[in-house]
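**Q** Residue numbers (numbering that gives the first Met the number 0), protein chains in the order written: chain A, 0 to 290; chain B, 0 to 159; chain C, 0 to 802.
These aren't lab readings, by the way, just hints derived from the structure by calculation.
Treat the hints with caution; some may be incorrect.
Calculated cross-link-like contacts (lysine-lysine; reagent style DSBU-like; alpha-carbon spacing at most 35 Å) [stated by the list, open to error]:
id	chain 1	residue 1	chain 2	residue 2
1	C	Lys395	C	Lys417
2	C	Lys795	C	Lys395
3	C	Lys394	C	Lys417
4	B	Lys94	A	Lys98
5	A	Lys98	B	Lys117
6	C	Lys622	C	Lys571
7	A	Lys55	B	Lys117
8	C	Lys394	C	Lys41
9	A	Lys98	A	Lys55
10	B	Lys94	C	Lys41
11	B	Lys94	B	Lys117
For clarity, every value in this text was computed on a predicted model and none was experimentally measured.
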Amino acid sequence: MKPPAFEYVVAETVEEATARLAEYGDDARPIAGGQSLVPMMNFRLVSPAVLIDIRKIAPPDTIEEADGHVRIGALTRHRALETSPLIADRFPVVTAAMKHVAHLAIRNRGTIGGSLCHADPAAELPAIAVLLDARISVARQGGERTIEARDFFEGALWTAVGDDEIVTRIDLPLLPPGAGWGFHEFARRHGDFGLAGAAATVTKSAGRATEVRIALLGVGETPVRAHAAEALLTGSDFGPDAVAAAAVAVRDGIDPTDDLHASADYRRHLAGVLAERALADAWGRAGNGAS
Amino acid sequence: MERIDISLSVNGTTYERSVEPRRLLSDFLRDDLRLTGTHVGCEHGVCGACTVLLDGDSVRSCLTFAVQCDGASIRTVEGLGEIGALDPLQESFRKHHALQCGFCTPGMLMTAVDLLAKYPLSTDDEIREGLSGNLCRCTGYVNIVSAVREAAAARGNDKA
Amino acid sequence: MSGIATAGAADVARPGIVGARVQRREDPRLLTGRGTYVDDRKVDGAVHIAFCRSDRAHARIGRIDAAGARQAPGVLGVFTAGDIDAVARPIRATSNMPDYRATELEPLARGKVRYVGEPVVAVVAENRYLAEDAAGLVSVDYDPLPEVTDPEAALEDRALLHESAGTNVIAAREFARGDVDGAMAGAAIVVEDRFRIRRKTPSAIENRSCLAEFEAGRQALTLHASTQVPGLLRDALAEIFDLPGRRLRVVAPDVGGGFGAKASLYPEEVVVCALAMRLGRPVKWTSDRMEDLTATSQAFDEIVRARLALEPDGRFVALDADVIGDVGAYSIYPWTASLEPVQVVSFLPGPYRLQNYRGRVRAVATSKAPMGPYRGVGRPISTFVMERLVDMAAKKLAMDPAELRARNLVRDDEFPYKSGSGIVWDRSGFQDCLRSALDRFGYAQRRTEQAAARNEGRLVGIGIASYAELTGIGSRISAAPGMPINTGTERATIEIDSTGGVTAAFGIASHGQGLETTLAQIVAEELGVRVEDVEIIHGDSAAVAHSTGTYASRSTVLAGGAATLSARALRKQAIEAASYLLEAAEADIEMRGGVISVAGTDSSITLRELARAFYTEMRRIPKEARESLELSASATYDPFFGTTTGATHVAEVEVDPQTFGVTVRNYVVAEDCGRIVNPMIVDGQVHGGVAQGIGAALYEEVVHDESGQILTGSFVDYVVPSAAEIPDMAVIHLETESPSTLGGYRGMGEGGTIGAPAAIANAVADALSGLDARVNELPITPDRLFRLIRDAEQRKGESRYEA
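Excised from the complex, chain A in its bound form:
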C-alpha cells in the first residue's frame, strides 16, 4: 500500500493553483490536509499525475463573521472549527458535529475544503453545509463562482467543483436568533463514518415552529435535506404526532442502499430515529421568539 508516483507542485496563490489546474487538467489534484486523498492513493484507487499543494495559499484556520455570515477559509482545519468560540456561539450544531469527525490526528490535519470536496455522503461537514444552506466559493483561472450547498453535492465522492477549480471559502448564513439545534449520528465505532446521522435546527415563536431544517447523512449518494418532514413540522407545535409524522416523512423521503455495515431497511429506520432525536433536541433548545 504505497502511493503511486506523482509530480509535486506547490501553489502559493489561488491564481497559481488555478493556473496549474488549468495546465494539467484532470491529471492534477489539489492537496491540502490529504486525509481523504492519501488513503485512496495508498490503496492506489486514485493516481493523480500531479499533486498541487495548496496549503500555502492562505493562512490556515480563518473563521470570521461578516455581513450576516460566518466565513470559513477552505484551508481551515477541522480542529480549528471544533474549537472556534465564534462557531460555538453562532453554530453550536457545527461544534457538536465536529466531535463525531474521525479522531484528533485526522482533525488536526484535515481541512474543511477537503472534506467538502471529498463529498463522502456519510461525512458530517457536507451534511452540515446542506443543513445551514452554506455557500461554497470556488475559483478557477480568471474567475470565481459561488455554489449553493444543495447544488454542490452531485453524487458519492462527486461534487460540482470542476477539475480546474478549487474551493476557497464557505459562507454560513447566520441562523435566526434563538434557533435550536440537534445533531445525532450512529456509528459502529467512535469516530467512524456514521451508518446514518441527522442534524436539525428549529426556530420557534409562540410555541410553534417557524422554521425547521433537517439534514441527513449516510442515507444516500449525497447528504440530503428532509424537505417533506421540514414542511410538516413548520407551523406545528412539535407534538408527538407531528414529530412521528415527520419521522415517517424522513424515512419515505430517502432511498438508502444496502452495504457491508447496514441494510437499506435498517438505515431507513435509523434515519427516522436520529432525525426524531435531533428534532427533539432542537425544539428543546430553541428560544421562544414570542416570549
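Mind docking chains B and C on chain A? Use the hints.
**A** Then chains B and C, alone, in the frame of chain A:
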C-alpha cells in the same frame, strides 16, 4: 524519479534530505532517518500506530507526504524519554502495564501527548474517545486508560 | 484486584518473586521506540517483494504476462510458481487422523487459485514502492471455476476445490459417549438452535513481515520473521529446502502481537527464503494491512446445530451437536484444517456434568483464506453455543441462569472429571469462579436494577458464561491430533557466565505476553538471584536444540516448568562449587539475591565472585570439581497431559431500543489460572482477551460476497473495537494451584476471548428476553439486531419498523 530537497527538524535535529514526492512521512522516518520507533499498521489512517507530532499536532505519518513537511518540526516517540530516563507518560504506561506487544505504543503515546495538551480528560469517557483513533489489540485498553488518567491528573497537579 | 488464594505451605516460604507485580523488562525499549520488530531491521542491499495476488476466488491460471514488470524501474525479477518449486517442496500439513485429507500448498499458486488474496506472482524490486509499481504491470489471465464459497453448499461436492482430495470435506470426526438418543427421548426439556459465528481475522497491529538473508560463504540462511513459532519454521524450512538445521536459523525479534495468526508457516516465508538464495540479496516482505486482512489465517467460522436435554430440576442429561467448520482453501501448516472445528466438538460439553454426548464435525474447504489458530481456537464457538443453550434452557425452566449453572458445573469433590467428550478436567474452581464472579458483579442487586430499568423501557441484559479449557498441554495430549510435530515439551538452558551474569535460553517466542519478565521471575526465584540479573533469550531457533514457540496458552506452564527444573539443577551445582570457596557443607549454603552465603554466618560470596573463581581463578576450586561441575544446566519439561483452566464471565449490556447499538456497561471475569507469576500481566492478558471476545461478539466479521470476493479489506470495514467500545473490567483471580503442572501454573492467555462472546450474546439475549428473539449468530451487529427484533415483533404482529 524526480526528487525534492527538504529540510525538517525531527526531535530537535535538523535533517536535509532529497525525497521522492510520494514518500510517506512514515517511510521517511523509518527508512531514511532510521527512526523505527514510529510504526506502520494500516497505511490508511485507521490504526494510529504511525502517529507523530507535526508542529505540535498529532498526525498520521502514513497520510502525510514527507515533501509536505519541508520546514516542519516533527516529534516522534524517540523524542520522548530514554531508557533509564522515561518521561512521566512513559512511566505511567509502564507502571500501569499499558503495553504488551508494544507495537501500537508509540502511536498511543504520541496521541496521548497531544490529548494531554488539548483536552481536560476529566472523565474516562473523554479519555476513551480521545484514544479511539489508536487501535490496540493486546491490552483491551483498560490499562492504557489508567495510564493516561494518571498522566492527566499529574498534569493538573503541575499546573496547580 | 482481589485474589482468593489457596496458599499452600510452599507459598509462605517463598521469597516472593513469583507472584509479585514485577514491572516488565520489555517496557523500556518498547516505550522509547527502541524495540526491534522485523521491519525495523534495515539491511544493506535488501530488496523487497510485492505479490500479485489472486483477484478470483476459484479459477484456473492462464497466461501470466510479466514483460512490462520485468522492464520496470528497480525490478530485479518477477517470479512464479515454477521458480519457487524448483528449490522448495510444497507445504503439506500432515496428520494421521482418520478422514483427514492433506492439501498441498504451493508457495506461489500453481495451476489454479483457490481464494482471493492467494499469492500468484512475486515481484522483487529495490524498494516496496517500485515493487508495487511493477506488480501493477503484471497481468494474469484467469479461467473461472465454479464457486465453492458457501460451506453448506460445498458439503455437496458439486465443485471441488482440491480435486486430489476427492471431496471438500477435508477433515471429519465424531465423538460419542453414552446414550444420547435415549436420553434426548426421555428428557423433560430440550432446547436447540442453529448457531453461527462469522469469520474473524486476528489482526495483530504489526502486520506479518519476514526478511531472509543468505550467507553465500557459509551457505547459511537466516530468516527474521514476525512469527510466534520460529522453531517450527526452522524445522519446516529445513525440510522444504533440504537444508541442515544448523545452517538455517529463524529469529523472531520483537513481535507486534500474534493471537495465533503468526503461529503457522506461510507461503510468503518460503518465498523470501527461496528468492534470497536465488538472488544473493537479502529479501524482505512486509505485509500491508490489505494483504493481512485477506491472506493471513482467519478463524471462528462455524455453523453449529446443537440441542441440550435437561431434567425438570435442571440437570443436563444429553448434548448433541453437528458442526460445520468453514476452513478456507488450504489445510494450514502444521495445525491442519481440523484444528478449530475439532476443538469446537471437543470442548462443547464445557465444565459441566454431562455424560451423554455426541458431537459430529466436518471441516469444509471453501474459497477463503485458510483457517488457522486464533486466540481460543474453537472454544469461543463451543462456549457460545453451550452457554446460549444453558440460558435458553433456564428461560424455558423459568430458572435463574446462574442457578442452572451452579447445579451443573462440576463440583470440587468430583475432580478429576472426564467430560462428555473424554477430556479430563484435573481440578479447577469451576463453582468458585461462578460464585466469585457473581459476587463481584453484585448479581442479585443488579437483577433488581435490571427489573427497574425494564419498567422504564430500557433493554438491559445480564449474561453469564462459564467455560473450561485445557492449557499447558504436554506430549500425551499434543500428540493426539497426529501431527508430526511435538508441542508438548519445552527445554531451557541456564548458564552463569564468567561475569556472574545469568542467561536463560528458551524455545518460546514472547510477543506481548511479557515472558522476558515472568520467566526471569521464575528463574530468579528458583536460582536465588535478582530478576534484573537474568537475561532471557527466546524467539531464536539457534538458542535451543528443539523448539516450537508461543501459542496455545503453553509458555508459562511449559517454559516455566523447564525454567524451574534447570534453575534447580544449576543452583545445586553453583552451591556445590561455592562450598569449596566458603569451606562449608552444601547443606549449610544458601543462595538468595545473587549472594551465596553460609547460613547463620557472615561468610558469603557474590555470584560474580563465584564465576570468577570457577572460570578464571584456577586455583580456588579443585580441578576435579571444575571438571565435574558446570555453571550451566539444561532441562526439559513435559506436563504430559496439561491442566485445566476455568472461568466465569459476567457481562451487562444495554441495547438502544431504537438504534440497536449495544453498549457493554459492566464486565467481570473470575478465572482460575493456578499459581500466578505476575498478577499485573495476568490482568492484562484477561483484558486483552475479553476485548477480542467483545470484538467477536459485536463488531468483527470477515465478509465475502457470493462470488468469494472479500469485502472487508481495510480497517474501515473490518471493525476492530477501539477504547471507546471496550468497557473497564474487573478481574478476580482464584489461585487453585494445578496438581498437574510443575509450579502449579495454568495457562491463561486465551481465556478472555473464550468467555466473552458467550457472555455478551447471553446478555443481549437477556436484554431482549421480552421478545422471542433468537440470538444465535455473531457478531450481533446493529443491523442484525434490527432484523432480529423486527422479525420477532412481526411474528408477534406488532411492528414498529418501516420496511
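**Q** All the hints need checking, so say for each whether the structure fits it.
**A** Tested hints:
no., hint, in the structure
1, C:Lys395 <-> C:Lys417, "28 Å, holds"
2, C:Lys795 <-> C:Lys395, "18 Å, holds"
3, C:Lys394 <-> C:Lys417, "28 Å, holds"
4, B:Lys94 <-> A:Lys98, "31 Å, holds"
5, A:Lys98 <-> B:Lys117, "14 Å, holds"
6, C:Lys622 <-> C:Lys571, "18 Å, holds"
7, A:Lys55 <-> B:Lys117, "25 Å, holds"
8, C:Lys394 <-> C:Lys41, "60 Å, violated"
9, A:Lys98 <-> A:Lys55, "27 Å, holds"
10, B:Lys94 <-> C:Lys41, "31 Å, holds"
11, B:Lys94 <-> B:Lys117, "24 Å, holds"
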